[in-house]
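Colleague: From first to last, the protein sequence lines stand for chains B and C. Mapping of the first sequence onto our numbering: residues 1 to 625, in sequence order. Mapping of the second sequence onto our numbering: residues 1 to 317, in sequence order.
No lab work stands behind these hints, which were simulated from the structure alone. Positions of the beta carbon are idealized from the N, C-alpha and C atoms, including for glycine. Certain hints may be false.
What the hints assert, rightly or not - Covered stretches of chain C, going by a simulated chain B footprint (3 or more residues, C-beta under 8 Å): (1) 57-71; (2) 123-137; (3) 200-209; (4) 281-288.
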Amino acid sequence: MQPNIKWLDDPRVFRVGQLDAHSDHFYYDNEEDCAANRQSLCQSLDGMWQFAYSVNAKERPANFYEEGFDASAFDKIKVPCHIEMAGYDKIHYINTMYPWEGKIYRRPAFSGMPGERMEGQFSEADYNPVGSYLCRFDLDEKLRGKRVTVRFEGVEQAMFVWLNGTFLGYAEDTFTPSEFDLTDAIRETGNVLAVEVHKRSTAAYLEDQDFFRFFGIFRSVSLLAKPDAHVEDLWVKPDVCLKTLAGKVSVDLKLSGCAKTVQVRVAEGGSVLAETTAEAAQALSVSLDMPKAVKLWHNHHPNMYTLEVRLYDEGGNLLEIVPQPFGFRRIEMVDKIMMFNGERLVINGVNRHEWSARGGRVITDADEIWDIACMKRNHINAVRTCHYPDRLSFYRRCDEAGIYMMSETNLETHGSWQKAGMIEPSWNVPGSLEAWEAVVLDRAKTNFETFKNHVSILFWSLGNESFAGEVLVKMHNFFKQTDPSRLVHYEGVFNNPVYKDRISDMESHMYTPPHKIKEYLDNDPPKPFILCEYMHDMGNSLGGLKSYYDLVDTYPMMQGGYIWDYIDQAIMVKDEVTGRDVIRYGGDFDDRPADYEFSGNGIVFADRTEKPAIQEVKYYYGLHD
Amino acid sequence: MDCMTKRLRVVYGDLTLGVSGDNFHVIFNYIRGGIESLYTGGKEWMYRSPQPTFWRALTDNDRGSRFHLKSGMWLAADTFIRQTGVSVAVDGEAIAMPIAPENNKYSPDETAEKIAITYTFETLTVPAAKVSVTYTVTADNKINVAAKYFGTEGLPQLPVFGLRMIMPTHATGFTYEGLSGETYPDRMAGGVPGVYEIQGLPVTPYMVPQDCGMHMETKWVEIARNTVLSNVKDGKVSTLKIAMDDKPFAFSCLPYTAEELENATHHEELPPARRTVLCVYGAVRGVGGIDSWGSDVEEAYHISAQEDHEFSFNIVL
């Protein structure tokens, strides 16, 4: 397999040599590691890597991945880190417009527009920076002699990967894991992992989120070794009768390697509640009844159980343990009202971008822990992962904290259909364009496959502000058909209402004023109503929350919303004049066109201190907590 | 009552009226629009005469809804104001303006139970609106301040109506009894009643400096300072207390005027903080929140310029 730079230009190529998306489960090859939650089969590659920046593909060191390449002229860069935050290229904030606005004339390939020109649109652009990364590593003892993969948790926006000169593959979709098998190319010592990251590709049309436009390896990179037998994927499907609290849990397993038997247990704390054994197969399903009434998972009482899978060889030796936390809860539509565990759901929600004033979208465990504590103390019970999947660890934390998640797919094509507030979709993607279908559906599939075991996810969201067409219908159908245990959300049909009947389980709006919501609710509405964005907390704002909560109190079908948004997106730098730490925003980096302070809408400031308005959130959300 | 037994000493100056009690001396300037000096607790508390205030530094929502393009004339009105008159009443009786030579009839030993001085103003708006501010000093060591805006047809909504007092140096902080945090008419349900002490004069670090630090429903606020402009420095902390009259008031206490905040696109552009700007408000526009690109603040939280607005408070000495 040979890499081809033209893949950057072709929306039909987005995934080459990548392993299939799979559940984000932890696994161990012995009881001690499992008990201690010590992932000794995982080797972090985070740290200082060699790095070269080029302004475009033509100027990049194209053969840098070859063994023996002299990289002595390379710089050093930290992984993870946005390339711009390391001092290259340009920090740039822009909202709906594509980031090349006013600089490069572009129309999406296959859009039928006269100026679409696929070939070379990104691969030959004068400005389309490239980051060439080299990571030299020896394999940890524990990983040697095993099947090994490399997992990139987040790379913006398109990348080619080599190990020891061998091409492994190509990936897009910035915000989900990309994994490649290294087994055939890896050595015990002296490995060179080469990653070529391109700032823009056709993926740029699908990632027009309202945020700082970065590129580079911005989340962790790890090596993962598989025991001789391995659970490649599992899907835990709990089911509960709300009347009797009788519970049942089934699990679909996909295995690789040489297991002979599979033991499946349900445990709570230290005690085993149910257990069964099956013969191993590439794919199998196992089902267990809960022996007594189950405790439901809920915002206030996030009761969790563990489904433990153990793989044994013929001699009865333990090969692998997967302890998958899960919970029993039910989200369903009853008489046009979203019911959670049998009660009307009220979403006291917030939209959360991953952000830190020092790191941009490179955040830490401490940031996530702080965020969840902030949500809990302010009675926020729901989070929308706007507008892309978050770090893997955040989903686990939401399970444990009882936060209701709307897991949003990495899709936004805002600049392709809305111009200065006006709807003008003449070259909207994905629309109903066949060439853009596979890439978009793959994003939905990856979102689902990666996070399907998280009890906290109540809603799959198709994406944000991407208008509506047949491709969005197919996304909706994918989620509905694959996962009947959750509801599907999408707001963008609001702007293309002919698709209203075919997309989204609920009527979702943004920023609709209270009197307009009342109008909807007063006219025999077909679907319950939520606001996926409301209370735009830009600067000193958040006045009038009462009017929305009056509607929540009056109309059962008004089921709350998600405040826009959680944290100001702004960057802390040293002031050139005073030397003090100061906050900078769009336009402050000579970036043009920009949208300036429009990214400052958080209920917390960029440095994670609470804004004064948060006490109002705490009050009204507290009324329905 | 004290004021029945105690009397105020009054100095009928050529251009000013001096009034003193046990622990204060206040000088009203007839042509400078109000109190020129308020000396108490060993400190001067007035940097310049108090002035009616109409503007708040635009919030992002104000900018988004083009509030400035509708109500921008209040910015000029806030910056410059025309004084149209001044009158004095002693013990409830209006007197002829005691300026030279009228004041030749007084002596060094003048006293009174109550002195009231009323300033009238006209705003720079088109059409102009009338405003009056009456200071009533009584021998129980109190200055009652009553401000009135006279509703005028044809004027756009007001951002705020209040009285701005600038103190010569930066306060060490302030204590107030009212609601927790920062509150506005449409964002005060979460405010918890109590007594709160604020260190320094924090300017809330919104990305673009804008109106901030509002406290609705306040019973009293006490400003603490330990610095003076005087050549004699003693570092002593003294306080000035503003208390509600017939109903609670709103206030903000910041190191900057609305115009100074308005001029900065980043906090580091604000000048070094050196004064204390205390604004006491009788009317405050809401902040809104529906969106930041057009939706107005809800109607209940608008301030009509067609209607009268009156409020009063006491400076407790």
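Colleague: Could you work out which earlier hints the structure fails to respect and list their numbers in ascending sequence?
Modeller: Number 2 only.
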